[in-house]
Amino acid sequence: MTSEERFFAYYRPEAGRLYRTAWAILGNEADAGDALQEATIRAYRAFEQLKGGAQAFPFWMRRILVNTCTQILRKRMRVIPVERPEDLSEEQTTPEADIPLGSEVWEAVRTLDERFRAVVVLRFLNDMSLEEIATALDIPLGTVKSRLHTALKTLRSQLQSGDGEKRGAV
Amino acid sequence: MQQCDRIQQDLPSYLKGELPLEYRAGIQRHLSECPACAEEAAAVNEIGHKFHAGLSDWVDQGVCPPELMARIEDSIRAISAEAAHRHRPWYQSWPAMAGAVAAAAVLLVVMGGQLGMRDELAAIPFIGPVATHLFSGGDPNLTGFGLIPLKVGDSHGGIALAVSELEVGKDQTRIHYSLAGRDLDTEADAMSYAPVLQGSRGSITLHTVTVGRKSGELSIDAYFDPVPTGEALAFSISQVPVKMPSGSARRTGPWKATFHS
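As you go down the protein sequences, you meet chains C and D in turn. Just so we're aligned, residue 7 is where the first sequence starts under the numbering used here, counting upward by one. Just so we're aligned, residue 197 is where the second sequence starts under the numbering used here, counting upward by one.
So that you can see chain C by itself, here it is in the shape it has in the complex (with noise of 0.2 Å):
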């Protein structure tokens, strides 16, 4: 079995979380689809370095791809100049077709604003620190609780509201 071949042998049962993972740390399939192939091709041209084969490898490829992602999001939010936290939600929603059907978690998450939807799913997908949450988009560690902290109350009321309402407001 060539390198290659082994590298799809263990990549390809991944390729679907791996996906996500990068569409739900930068909020849109395209971008996703971009940050993917990139971290796929870091990966691949690193791969003879992975050690601990098939079992190690779905960790060692989301933890190039969340880094990939935050390099991406660190670019984008550096053009963002003012930090308004009552500005919670997207200026424009997505169309509802492009809504995955499932998780009534993730429709209420997408909604939210990058800076606080980076944040959610760093911490609550990808189990990182605020510390290191900071460190990845290259934010001071009080503008990470702080984001976090209002995103979890806007969260709440959506999910207690229950009434389909896809913006929150705190």
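In short, the hints are calculated from the structure, not lab data. In this text, a Cβ means the ideal position worked out from N, Cα and C, and glycines have one as well. Hints may contain errors.
Stated by the list, open to error - The following label-pair restraints were derived from C-beta to C-beta distances:
1) D:Gln257 x C:Ser167: 40 to 48 Å
2) C:Ala36 x D:Arg409: 30 to 38 Å
3) D:Ala239 x C:Phe65: 44 to 52 Å
As the list claims (entries may be wrong) - Computed cross-link-like contacts, PhoX-like style, restricted to lysine-lysine with a CA-CA straight-line distance of at most 25 Å:
4) C:Lys159 x D:Lys246
5) D:Lys439 x D:Lys452
6) D:Lys439 x D:Lys410
7) D:Lys212 x C:Lys159
8) D:Lys366 x D:Lys410
9) D:Lys212 x D:Lys246
Since the structure of chain C is already known, use the hints to place chain D on it.
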């Protein structure tokens, strides 16, 4: 109240045990005395579990779109082709071959001069003409090629380009590149994959294209007129042949890469 606000912001870290022991004990004391913060802690804990489970479920149900998977596979195939080219045996390496030929030619020149064999040198296959050329004070730039490794890639319509080498000499310029893609027709004429090279003074004349073929990927060398050192070069392929169910067709790019000589 200010203390409550601060503590509520730290609840996610407190609940995950990420805070220093002393501060954690302080929060614990506060929660035992403040019903509002205790209620908030329970709610944050509950929503934390709910979001972890909900997002994990959503991610576990994911499927990578087939067109994205094909794009990723094409990129990896192009990288593999590039790596295979880089790791080919030394004797297949163009600069190494040029060096070996020149060294052998120099040896023959010396031998020819000493042993009176000059007239017979040209009859020796391959090395002979080079030796004769050197013997008669020929072109010293024969071995004067500089190899500049590149890692430039572009992907378009499921077909990926990776430019991996630029070799600049007085007589010619060689560019090595790979094309890979599921739909790529690898059986077409070599000139079907020919690139265009633009320098600061316009298009640089292409002389030959040689192609190494494997299923779904091509390893190509294109030979151009010489280019000056430090020149900004724009390399592009506008169309490539693709396999279609209805027969052959051409896919329009462009696949582009820019670099300096």
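So, going through the hints one by one against the coordinates:
The supplied range of 40 to 48 Å is broken by glutamine 257 of chain D and serine 167 of chain C, whose beta-carbon atoms lie about 25 Å from each other. Distance hint check: the CB atoms of alanine 36 of chain C and arginine 409 of chain D are about 34 Å apart, consistent with the given range 30 to 38 Å. Between alanine 239 of chain D and phenylalanine 65 of chain C the beta carbons are some 31 Å apart, a value that contradicts the proposed interval 44 to 52 Å. Distance hint between lysine 159 of chain C and lysine 246 of chain D is fulfilled; the C-alpha atoms sit about 14 Å from each other, no more than 25 Å.
A distance of roughly 22 Å separates the Cα atoms of lysine 439 of chain D and lysine 452 of chain D; the hinted pair therefore holds under the 25 Å criterion. The hinted pair formed by lysine 439 of chain D and lysine 410 of chain D meets the criterion: a straight-line CA distance of about 15 Å does not exceed 25 Å. Between lysine 212 of chain D and lysine 159 of chain C, the direct Cα distance comes to roughly 18 Å. Compliance with the 25 Å bound is thereby established for this hinted pair. Pair hint lysine 366 of chain D plus lysine 410 of chain D does not hold up; C-alpha atoms about 32 Å apart against a cutoff of 25 Å.
For the proposed pair lysine 212 of chain D and lysine 246 of chain D, the alpha carbon gap of about 15 Å is at most 25 Å, so the pair holds.
The structure is inconsistent with the numbered hints 1, 3 and 8, although it conforms to all the rest.
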